[in-house]
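There are 2 protein chains.
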Amino acid sequence: MSYYDANRDRFLEGLKAFLRIPSISTLPEHQPDIRRAAEFVRDELQQAGLDGVELIEGPGNPLVYGEWLGAPGKPTLLLYGHYDVQPPDPLEEWKSPPFEPEIRGDNIYARGACDDKGQTYILIKAVEGFLKTEGKLPVNVRFLIEGEEEYGGKHIEAYVASKPARLQADAAVICDTEMFAPGLPTLCVGLRGIVYLELEVRGAGHDLHSGVYGGVAPNPIQAIAEILTALKDRDGHILIPGFYDRVRPPSPEERAAWARLPFNEEEYKSKEMEVSELVGEPEIPVLERVWARPTLEVHGIRGGFTGEGAKTVIPARATAKISMRLVADQSPQEALEQFRAAVQKVRPRGVSAEVRLIHGAAPSLVNPANPFIQASAKAMSEVFGKETVYIRSGGSIPIVGAFNQHLGIPSVLMGFGLPDDNLHAPNEKFHLPNFFRGIEAMARYFRLLGEQ
Amino acid sequence: MSYYDANRDRFLEGLKAFLRIPSISTLPEHQPDIRRAAEFVRDELQQAGLDGVELIEGPGNPLVYGEWLGAPGKPTLLLYGHYDVQPPDPLEEWKSPPFEPEIRGDNIYARGACDDKGQTYILIKAVEGFLKTEGKLPVNVRFLIEGEEEYGGKHIEAYVASKPARLQADAAVICDTEMFAPGLPTLCVGLRGIVYLELEVRGAGHDLHSGVYGGVAPNPIQAIAEILTALKDRDGHILIPGFYDRVRPPSPEERAAWARLPFNEEEYKSKEMEVSELVGEPEIPVLERVWARPTLEVHGIRGGFTGEGAKTVIPARATAKISMRLVADQSPQEALEQFRAAVQKVRPRGVSAEVRLIHGAAPSLVNPANPFIQASAKAMSEVFGKETVYIRSGGSIPIVGAFNQHLGIPSVLMGFGLPDDNLHAPNEKFHLPNFFRGIEAMARYFRLLGEQ
Chain A
0 MSYYDANRDR FLEGLKAFLR IPSISTLPEH QPDIRRAAEF VRDELQQAGL DGVELIEGPG
60 NPLVYGEWLG APGKPTLLLY GHYDVQPPDP LEEWKSPPFE PEIRGDNIYA RGACDDKGQT
120 YILIKAVEGF LKTEGKLPVN VRFLIEGEEE YGGKHIEAYV ASKPARLQAD AAVICDTEMF
180 APGLPTLCVG LRGIVYLELE VRGAGHDLHS GVYGGVAPNP IQAIAEILTA LKDRDGHILI
240 PGFYDRVRPP SPEERAAWAR LPFNEEEYKS KEMEVSELVG EPEIPVLERV WARPTLEVHG
300 IRGGFTGEGA KTVIPARATA KISMRLVADQ SPQEALEQFR AAVQKVRPRG VSAEVRLIHG
360 AAPSLVNPAN PFIQASAKAM SEVFGKETVY IRSGGSIPIV GAFNQHLGIP SVLMGFGLPD
420 DNLHAPNEKF HLPNFFRGIE AMARYFRLLG EQ
Chain B
0 MSYYDANRDR FLEGLKAFLR IPSISTLPEH QPDIRRAAEF VRDELQQAGL DGVELIEGPG
60 NPLVYGEWLG APGKPTLLLY GHYDVQPPDP LEEWKSPPFE PEIRGDNIYA RGACDDKGQT
120 YILIKAVEGF LKTEGKLPVN VRFLIEGEEE YGGKHIEAYV ASKPARLQAD AAVICDTEMF
180 APGLPTLCVG LRGIVYLELE VRGAGHDLHS GVYGGVAPNP IQAIAEILTA LKDRDGHILI
240 PGFYDRVRPP SPEERAAWAR LPFNEEEYKS KEMEVSELVG EPEIPVLERV WARPTLEVHG
300 IRGGFTGEGA KTVIPARATA KISMRLVADQ SPQEALEQFR AAVQKVRPRG VSAEVRLIHG
360 AAPSLVNPAN PFIQASAKAM SEVFGKETVY IRSGGSIPIV GAFNQHLGIP SVLMGFGLPD
420 DNLHAPNEKF HLPNFFRGIE AMARYFRLLG EQ
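Quick mapping for you: the protein sequence lines, in order, are chains A and B.
Start counting the first sequence at 0; every next residue gets the next number (numbering that gives the first Met the number 0).
Start counting the second sequence at 0; every next residue gets the next number (numbering that gives the first Met the number 0).
Be aware that a few hints might be false.
One copy or two, it doesn't matter: identical chains are merged, so the pair holds either way.
As the list claims (entries may be wrong) - Mimicking DMTMM-like on lysine to aspartate or glutamate, the simulated pairs with C-alpha atoms at most 25 Å apart in a straight line are:
#, residue 1, residue 2
1, LYS310, GLU287
2, LYS153, GLU307
3, LYS310, GLU199
4, LYS94, GLU386
5, LYS344, ASP234
6, LYS344, GLU280
7, LYS344, ASP232
8, LYS94, GLU133
9, LYS310, ASP419
10, LYS310, GLU280
11, LYS310, GLU271
12, LYS94, ASP206
13, LYS310, ASP169
14, LYS377, GLU450
15, LYS153, GLU252
16, LYS310, GLU273
17, LYS73, GLU92
18, LYS135, ASP32
19, LYS270, GLU353
20, LYS73, GLU199
21, LYS270, ASP234
22, LYS270, ASP206
23, LYS270, ASP32
24, LYS268, GLU353
25, LYS94, ASP105
Derived from the structure by calculation, the hints contain no laboratory data.
Using the sequences and the accompanying hints, generate a full structural model.
The following block contains the structure:
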């Protein structure tokens, strides 16, 4: 009987204690709980036998650091997770209270069970197993656990950008993602980047009355509509010159692998998204559209009158929030410049247009042949008894970009959540077999890397 | 020396007393002032020698009524003005306090000086002159002075719609508009109508994350942009099928007359509107574009994220406020139906669209050959020493539609404001020569109508 098998009950009790702390980072009144959760992680790392364990204070919630560097010549992994959670609202939809973890069937229900306390705990317990039984690890590890993931705090990025020597590593392991389907070991090897910007269009020097001036006055909202439709056609093709030039298409093997994934388009459409039909580039398969194609999306427009009733104003200006999701090998800077040039080209008469960058992040794509990916896939396949699939994600995980940009290391997105784990929603849960298999797979991963 | 000449000082003192009452209808704390202003008008009508003078109470601010019907066989005029005023903000921009009328040069400065206390007072004093000197009027008159014009209250429309016998008249005289240029007697013979509506577009059943679903999710804001640009081209041509079918073009004489008006397009563009260029149908002259052409204008869009920073939401729905300005002989009902049909036709895939009417008003156009218009033009020409010009207005004056719809009478828009009178702005003023000439012109109008 392994250490992991022998300690299942203790691991569960520890996880429950972690889950009882309402460490909601978006609500200021939970600051004491944030600190309690950070201290909980610090204590766990200490008890697991790590060295140099400490809270890293800074502008924001504390980071928790711990290391074990006793395997010279072996790879060093930077292990990432987060101890903060989303708010639990709406409370009335929870079957058991969000901060009183309850096991029902194969699942443990609580806010943060999967995202990300359960998965952070996997990292800690996998390391603990080695140190308690063998007194050493097959690889070197550095833990960096943050407490601002759910509200987009910048503490960890600022810290990583400062490139402290103690973060030197060969690869990062991010334990905060999902498997494509239950029982299907999954590695996410690509993330879309993003350019998020604000487009401000100005017409007249002051708001105008549409009775008096309607017919000759430039309308900045209409102008934004004209710009948006000039930049993207109704089939989702982006008309910004040069925009697709650097888009690297998935390989035929990748496309074939995606086509084999257990994907139910009808369910995705009707149950998950609740839409009448999927839109966008009709010639591109659905998963490729969201994983490997860039987008141009408007998120909101401000300007004019939006209250109850009627006001016949032609506003002097209007502002739109717009993002472009980018895929390898597009660059945020180049996409921004292309966007700016295109806006000036399609801008209608009578208005000026200004584009302001809000934030940008590069896309990332790891070659599945990368040895850190290969070992991870092998470890997961062995533990789950199925071949690991490679997927991508349409979203951006900023820390992946930060690790790449500042530390020059790839990230291995080794996640054990399930699509129905209700992340950010009531009745969040973690599938307990995935919790225990996750610990096992992580331990197996360390072993495989140590043997290389 | 006429009564009007002999009483100039008294008229001015009376107007000042009227202007000192801060009867701001949009601010509830000024309700006592509203009543004081209504009572002021009531007392003035009584002192002028009118009969049946009373406040008409109802749902809103009191209407003031008074009549003189001692000219059997002669026309009856319904005389309209309003005693309420706009708020004076921003206060610090006034050179003299807004409710302490001050004469500087040829102008009297105060909130409401022109809009509409000064012009309402013209009606009262013109009638008073006849009754005090001759004991009778050449025509019959009924005053109906309201106190909700500046906030769009519905008391007067509800009262008119109830068609009381005491409102029977042959024409209405509305003393609440402007002259096209200083010294240029002006009659406005056409007003645009309006259909104001809300367009709601729905995509997914719930907000979606643009990282996860961007590329396949319908975006209601983009959909509104696509609908708006499909309904109007970049040159301002409205593409709604059948929309222009009933548009009655101005006559060649009217066009020629407009072309002769003292209109400075450069000043209109740069100083009045503060735009870099005028837009809209390039083949149509500017004044015709705003007076005699219908419009489709978006006033605001609600939906998605419009706060500071970034949120990558694809909203489940978005709502736009849209109006169509209509010209003779378009009908609000038909335009609404055409809009609805066009929206369904151009609506993109993946979204539903609903159109809700907020309010509508028919356009109005009076034939300049109408005898009430002819007499008015003659009276103004005689007093101002210039030929009266006929213009239209791009806006809507709801009471004109109500008089037409419920009482079946045309409105004569006989106004003495000037383009630089700062209506609704700091330092509102009334040109005193226009005040006195207005009284004279109104008296002359009554005389001419009585002689017909």
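Practice task
Please flag the earlier hints that this structure goes against, numbers listed from lowest up.
Solution key: 4, 8, 13, 15, 17, 18, 20 and 23
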